[in-house]
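Engineer: Residues per chain, in single letters:
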Amino acid sequence: DTGVSQDPRHKITKRGQNVTFRCDPISEHNRLYWYRQTLGQGPEFLTYFQNEAQLEKSRLLSDRFSAERPKGSFSTLEIQRTEQGDSAMYLCASSSRSSGLNTGELFFGEGSRLTVL
Amino acid sequence: AQTVTQSQPEMSVQEAETVTLSCTYDTSESDYYLFWYKQPPSRQMILVIRQEAYKQQNATENRFSVNFQKAAKSFSLKISDSQLGDAAMYFCAPPGISNFGNEKLTFGTGTRLTIIP
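Residue numbers (my numbering), protein chains in the order written: chain A, 1 to 117; chain B, 1 to 117.
Be aware that one or more of the hints could be misleading.
[Claimed, not checked] As a list, the in silico DSSO-like pairs of lysine-lysine whose alpha-carbon atoms are at most 27 angstroms apart:
#1 B:LYS73 x B:LYS104
#2 A:LYS71 x B:LYS104
#3 B:LYS78 x B:LYS104
#4 A:LYS71 x A:LYS11
#5 B:LYS55 x B:LYS104
#6 A:LYS57 x B:LYS55
[To be verified] Simulated DEER-style distance windows between Cβ atoms:
#7 A:GLN50 x B:ASP31: 35 to 45 angstroms
#8 B:ALA16 x A:LEU117: 41 to 51 angstroms
#9 B:PHE64 x A:THR38: 24 to 34 angstroms
#10 A:ARG22 x B:ASP31: 16 to 26 angstroms
#11 B:ILE46 x A:GLN50: 28 to 38 angstroms
FYI, nobody ran anything at the bench for these hints, they're computed from the structure. All C-beta atoms, glycine included, are put in the ideal place defined by N, C-alpha and C.
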């Protein structure tokens with residue numbers, strides 16, 4: 001078990017460009033979450049998946065943001081036409097409800113830091 | 001909506017001493033989990049301790065313990081025998097909805113804990 005991995009760890013882009021982040025959850029986890037964290041703040045929920053279904057999206061997630069989880073494995077978060085306000089750490093987390101055991105614990109990746117110039 | 005308040009943006013403690021981080025929250029749920037997560041500098045968030053709201057006994061994990069006051073919606077974290085490795089941002093995350101619905105967590109703004117050698 002290698003934990004939750006995210007790629008890239010750092011991304012610097014110019015305003016108006018598109019960026020995509022990838023998250024590989026812990027293999028047996030069926031739930032995957034995306035959070036955004038700005039400097040000095042706690043993580044803010046963006047969206048989550050159960051298997052391949054996107055079950056909830058935050059109002060923070062504008063139309064420029066899209067997330068997918070094809071086949072219920074890895075997930076991508078794409079930001080189109082980036083703005084300086086999108087600069088943040090994007091965190092991915094996964095959890096499991098297997099065997100009816102719900103610990104509620106989220107396992108986080110190290111995050112993908114986005115800087116929009 | 002679930003809200004959470006961490007009123008101490010920064011705390012410091014002498015190594016080997018005890019420190020308590022406070023957290024209050026609001027929820028309409030009756031059965032839920034509460035969590036404290038730790039985020040060391042430039043490292044991923046990890047779970048410190050979890051409390052199940054239906055349990056009257058306060059959770060403990062080695063040097064970490066909570067004081068859970070359900071009626072007051074208060075959930076503080078006590079760190080005993082503080083160590084240099086405890087230096088981190090600490091986030092309160094209540095409540096995770098148990099068994100049904102999603103385990104989307106709402107994080108507080110965090111408390112930055114500094115350990116003084």
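Engineer: Confirm or reject each hint.
Structural biologist: Status of each hint after checking the structure:
1. B:LYS73 x B:LYS104: holds, 19 angstroms
2. A:LYS71 x B:LYS104: holds, 21 angstroms
3. B:LYS78 x B:LYS104: Distance ~25 angstroms between LYS78 of chain B and LYS104 of chain B Cα, so the pair holds.
4. A:LYS71 x A:LYS11: This hinted pair holds, its Cα atoms lying about 26 angstroms apart.
5. B:LYS55 x B:LYS104: Holds, because 21 angstroms separates the two Cα atoms, which is no more than 27 angstroms.
6. A:LYS57 x B:LYS55: violated, 31 angstroms
7. A:GLN50 x B:ASP31: 35 to 45 angstroms: violated, 20 angstroms
8. B:ALA16 x A:LEU117: 41 to 51 angstroms: At 45 angstroms between Cβs, range holds.
9. B:PHE64 x A:THR38: 24 to 34 angstroms: For PHE64 of chain B and THR38 of chain A the Cβ distance comes to about 27 angstroms; the hint holds.
10. A:ARG22 x B:ASP31: 16 to 26 angstroms: With a Cβ separation near 35 angstroms, ARG22 of chain A and ASP31 of chain B fall outside 16 to 26 angstroms, so the hint is violated.
11. B:ILE46 x A:GLN50: 28 to 38 angstroms: violated, 23 angstroms
When held up to the earlier numbered hints, the structure conflicts with 6, 7, 10, 11 and fits the remainder.
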